[in-house]
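2 protein chains.
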Amino acid sequence: MTNLIIFAVITIGVLALIFTYWKSSWVKNQEAGNKTMQQIAEHIKKGAMAFLFAEYKVLWIFVAIVFVFLSYTADSQSSSWLVGVSFILGALSSALAGFIGMRVATNANVRTTNAARKSIGSALQVAFAGGSVMGLAVVGLGLFGLSVLFFIYSGLGWDINRVITVITGFSFGASSIALFARVGGGIYTKAADVGADLVGKVEAGIPEDHPLNPATIADNVGDNVGDVAGMGADLFESYVGSIISSMVLGALFIGGTGFTGENELNAVILPMTIAATGIVTSIIGSFFVKVKDGGNPASALHRGEFIAAGLMLILTYLVVAFLMPESWTAAGRDYTSLGVFLAIIIGLISGTLIGIITEYYTGTHKKPVIGILKQSSTGSATNIIAGLSVGMRSTMLPIIVLTVAIIGAHHFAGLYGIAIAAVGMLSNLGIQLAVDAYGPIADNAGGIAEMSNLPKEVRERTDKLDAIGNTTAAIGKGFAIGSAALTALALFSAYMQTAKIESIDISKPLVMAGLLLGGMLPFLFSALAMGAVGNAAKDMIDEVRRQFKEIPDLRKALSILAKYQGKTPDQWDTKDIEKVEAASEKAEYEKCVEISTKASIREMIVPGLIAVLTPIGIGFWGGAEMLGGLLAGVTVTGVLMAIFQSNAGGAWDNAKKMIEEGVTYDGITYKKGSEAHAASVTGDTVGDPFKDTSGPSLNILIKLMSVVALIIAGMIAVS
Amino acid sequence: MTNLIIFAVITIGVLALIFTYWKSSWVKNQEAGNKTMQQIAEHIKKGAMAFLFAEYKVLWIFVAIVFVFLSYTADSQSSSWLVGVSFILGALSSALAGFIGMRVATNANVRTTNAARKSIGSALQVAFAGGSVMGLAVVGLGLFGLSVLFFIYSGLGWDINRVITVITGFSFGASSIALFARVGGGIYTKAADVGADLVGKVEAGIPEDHPLNPATIADNVGDNVGDVAGMGADLFESYVGSIISSMVLGALFIGGTGFTGENELNAVILPMTIAATGIVTSIIGSFFVKVKDGGNPASALHRGEFIAAGLMLILTYLVVAFLMPESWTAAGRDYTSLGVFLAIIIGLISGTLIGIITEYYTGTHKKPVIGILKQSSTGSATNIIAGLSVGMRSTMLPIIVLTVAIIGAHHFAGLYGIAIAAVGMLSNLGIQLAVDAYGPIADNAGGIAEMSNLPKEVRERTDKLDAIGNTTAAIGKGFAIGSAALTALALFSAYMQTAKIESIDISKPLVMAGLLLGGMLPFLFSALAMGAVGNAAKDMIDEVRRQFKEIPDLRKALSILAKYQGKTPDQWDTKDIEKVEAASEKAEYEKCVEISTKASIREMIVPGLIAVLTPIGIGFWGGAEMLGGLLAGVTVTGVLMAIFQSNAGGAWDNAKKMIEEGVTYDGITYKKGSEAHAASVTGDTVGDPFKDTSGPSLNILIKLMSVVALIIAGMIAVS
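Chains as they are written, first to last, in our numbering: chain H, 98 to 816; chain R, 98 to 816.
A couple of the hints might just be wrong.
Heads up, the list lumps identical chains together, so a pair's fine if it works in one copy or across two of them.
Result set (DSSO-like, lysine-lysine): computed pairs, CA atoms no more than 27 Å apart in a straight line [unchecked claim]:
#	residue 1	residue 2
1	Lys768	Lys635
2	Lys683	Lys635
3	Lys768	Lys463
4	Lys471	Lys646
5	Lys561	Lys635
6	Lys635	Lys676
7	Lys768	Lys389
8	Lys635	Lys464
9	Lys605	Lys653
10	Lys125	Lys605
11	Lys132	Lys154
12	Lys769	Lys754
13	Lys471	Lys605
14	Lys471	Lys635
15	Lys471	Lys695
16	Lys635	Lys463
It is worth saying that the hints were derived from the structure and are not from the lab. Predicted model only: the values in this text are computed from it and were never measured.
Model the full structure from these sequences, guided by the hints.
Here is the structure:
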């Protein structure tokens, strides 16, 4: 029976990959527009791939070292050198998912622009198709990898605990890539952004997206690197981590009442089965994302998600009822299949709730953002204070949701309940990530429309898609944090199980010290991430300045531009326009891409080492219980700081957007060019590294540290 | 023997109060300068007292309600209705200390200005005398109150645990006043500051300290309210809290080896004896704070502290050796008197270390502040990012010091060691607070010099004293956070002891939920505090605008001032000067003081209720262990957020100060009026509520919640 189910799961994983391939080809077969559009798109694509390859070049060294270390240390009765193989496969799968996602995103962007020349409906279709490739690639590769490894290792005649321990390497591999993609990507995207902004707009007086600006391609690449590959790797990690944790905790039931014979492993394979179910519902849901001309793209996206969630609700009930006994007892506690089902639903609901809360605190025309907007009229300082205050305040509700989820899931199904709730939260990841990844594609499409001088209505259509993308991105960020938190708690429970810790007692000074140290790490990590953006941006600025100085054509073009400052395009001399256009081809985009790439990888080494080495050091020095304290500390402040920073950043961003649209409150008109606008730009600039670098990188920190702890748990186990 | 020691302790408490009275009279007998100076000082004094009385008016209602509640619920075998009496006495003592401190500070400020007309040495002497009144009043009243209560309750024939439980009310009383003084005071001072700044400087174009500005007195009052009364109440709370926690834990040893007969209570009375010793050394140290003309005031202050610390080291050794047996065993653990001594020293040293670290991160001409300064050249946004990053980074070392202190103190003397380390850290509080409180007095003295047009050299002298005051204030803030953290941990240990909790296991979902909720509270509290400053400042702005509009003389004076914009004083018409001076007497200062007072008290109700009701709610709903998780969470993120916000604020402030002094780095000159200066002003404005309101108020949050937990511990005890 178990094998049959595993085959079904593997098949569904393959199905997701076939879907990915099919959608990806479909995107590629769409028209890519005129020559200028294709050229720009080619630059972005090349830049994105350059980043990925540069990243992989460093990565394989890291992967090789960890592989040797893992294989060597894990060669024991309770584990095996194969944990290193799992690690490599996990890293490869996540990297491949990132590669596929980036590739399709950089194909889909220009095709979305081109489709927007026809209608908003076609544009949505292309952009969402691109997003769904990313979504299904992540869940497909994640589930396929896990289930195949499970099948193979199960065939080696090992004890099931050993099988799962060896699979854990897969999760560690995924986390490692997430570190590079999310933290490195976060640094990359903001370094390029700030660099392009400061030298281009501020010093040379040209718009951010102007082709004369050598950093402009790096900036567009950054959107893909951070929001597509980074987000994908982050959620890949949560997805895999939550499934594995539930497997670890499910193994507790083996041999208990209702878990004997052919049903023995049912609690272990339930998480994978739920995930497989989610893939099916995600694919079905994605077919409903369609909009007729004049229709509302936002409701099309919601329709898809809603249908997938509804199906998931029904199918989860059936799957749980099929696999789990109606009730059983383990370690002195009663369980029911209904309880497990409810825990999964708690996860599903709380993910949605956190998303909605995030949208409230960061959405335009909502009270918090309007508050920041009003405070902008008295200058940058009050704008900043208001944003920080909104960010801090916004931690309350998500934390309450999380605590209710923890208490509820545990009430219904114990520690297994907490882990399976995380699986539930992530079960529909396929379509959720599709909606997420659609945002940056639409954003890029707008940039391409701008740079290739397409008619105004094209930009208007892509802007409309982009605006929806901003909302979905905000929700997605909240969801990513919520799932990271729940996954970290699931991994935490799995860690305790594996390290055989009965309790983590904060009244012991070592544990309290661990808690304090762990709590401090997110502050340190955030500071390092922000510092890294500053350093990397400085390199970028130097490079752009050099090009403006040393490339004669660029220098000339800049002086021509200066001549026309303040004039409308129709007052331009055609010859001058041609000269400027010709000069832009001399801008050495690839150098800027290289600078950003190198800097981002260099800057993430220290934070990366801290994340990996701290749990190892504390675990071996202070013991398993102190490490537990460390994990609790890092999870608590990590989640809080992530919510605080992401939401503050999102709220600042949207306050600026509202002012740029132009609004009136209490008799004061807020518009572009006003003092309030200048203040809101300051807020947005502060918020950028908050929401795109330091905030999201904390998701990785908390999961990576928990995974590392889980990996070494067997070695530091309390005997 | 015990009674003899208690008498000695009471006597030393009285000695401190006599010293306070003597110094206070000495200050009052100094010359107060010319009529203008006295007038201004009178305004500040009246404003400060108005704040205190307004505060007390609300306070007594709060105190009365809590008294009734406490007396009613505590009437049991293990406690008594007298806990309500302890509560009232604690509140009264803290309020009295604040009153004495404020009174002498508002006497000393103008006398310091006047003394500065002679020499810097005399000015230091007056300012420090004022500070030492505050310092000795806090420790004197704290110790006197505790020891007298101990003596009286001991005479009732109660079990010692009951005696200590009933005394705990004293600590709760102190915490309640600290809430009002520190949180309310923090809101007051920044509301006045921002209000005076925005309308005065920005809208009406007059300097912040100009007598025409109706908010200027409130601003000066604020310095006293926040930095004298607020800081004093904060440390009074730590002082009392740490002593009581050690007494609770010391009671564990009673009847054990070496603690029988007349030595039975020695571990219980050791904390009070150490505190008494610290009073003696503080008084001795204070006599060494003297500077000859041309001497360095900073080294005079350090000399006093250093001598006090040295004496303390020797006397502590003797006291511990005298009171404690050389070695003993309790609850399966070996203790030694040397271990207890070392724990105390660990506290003493780590307080100093945290102070030094704070100075590094916030001091002028140090790397972190220079970094912020450099980032100011690219605008407000980079200045803000740099400051936030410095604040976050600065959490690392203090947390490491704290963890080492916890582990070390516990290693040497168990939980008793952690509590007694907090006592050690605070033992020299008398002189430390004197140095702290000297700063705002010097600051006020400078303001008075400015407003009363004294010769330039007077202001130069007070500025020199003020500059040193800024450094001591930074160190003092770090020290306050460190002591709050250690006190909270001590209270936490005492709570566990009283609630009979064996362990606080974060692997239990309720405890983990408590940890998450607790961790969230400092974020919420900070957001509320910042929002409160915004609301209160708005009221102030409205009032100043009203006065400028409705008081004809003020309106006229403003138009005269506008005429002379950009002109030097010698280009003024004497008649106009007279008119403006006459007009300033029409400014209704007391209205602004009232506004700020009312707003601050109104705005602190919600945060105050959260701090008091959350532990009660969680304790009774989720049980003693969940409450333990809550306390751990609030302590960890509370300490982190306090360090982050205080240090970021301090660093921003000093980056601005450095730019105003004028410096050159990497070929760029930073000076007043430059763009970098404007950026640094933004940073300073953001930092103000950080370092003076939300940051320090977290000290109160963590201690108050722990005290409330300790108060209800008996009722929710695990049976």
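Hints and how they fare:
no., hint, result
1, Lys768 with Lys635, "between (31 Å within a copy, 23 Å between copies)"
2, Lys683 with Lys635, "within (22 Å within a copy, 54 Å between copies)"
3, Lys768 with Lys463, "within (18 Å within a copy, 40 Å between copies)"
4, Lys471 with Lys646, "between (41 Å within a copy, 24 Å between copies)"
5, Lys561 with Lys635, "neither (34 Å within a copy, 37 Å between copies)"
6, Lys635 with Lys676, "neither (29 Å within a copy, 54 Å between copies)"
7, Lys768 with Lys389, "neither (33 Å within a copy, 60 Å between copies)"
8, Lys635 with Lys464, "between (36 Å within a copy, 18 Å between copies)"
9, Lys605 with Lys653, "neither (69 Å within a copy, 68 Å between copies)"
10, Lys125 with Lys605, "neither (60 Å within a copy, 51 Å between copies)"
11, Lys132 with Lys154, "neither (32 Å within a copy, 77 Å between copies)"
12, Lys769 with Lys754, "within (9 Å within a copy, 33 Å between copies)"
13, Lys471 with Lys605, "neither (48 Å within a copy, 44 Å between copies)"
14, Lys471 with Lys635, "between (32 Å within a copy, 12 Å between copies)"
15, Lys471 with Lys695, "between (40 Å within a copy, 24 Å between copies)"
16, Lys635 with Lys463, "between (36 Å within a copy, 22 Å between copies)"
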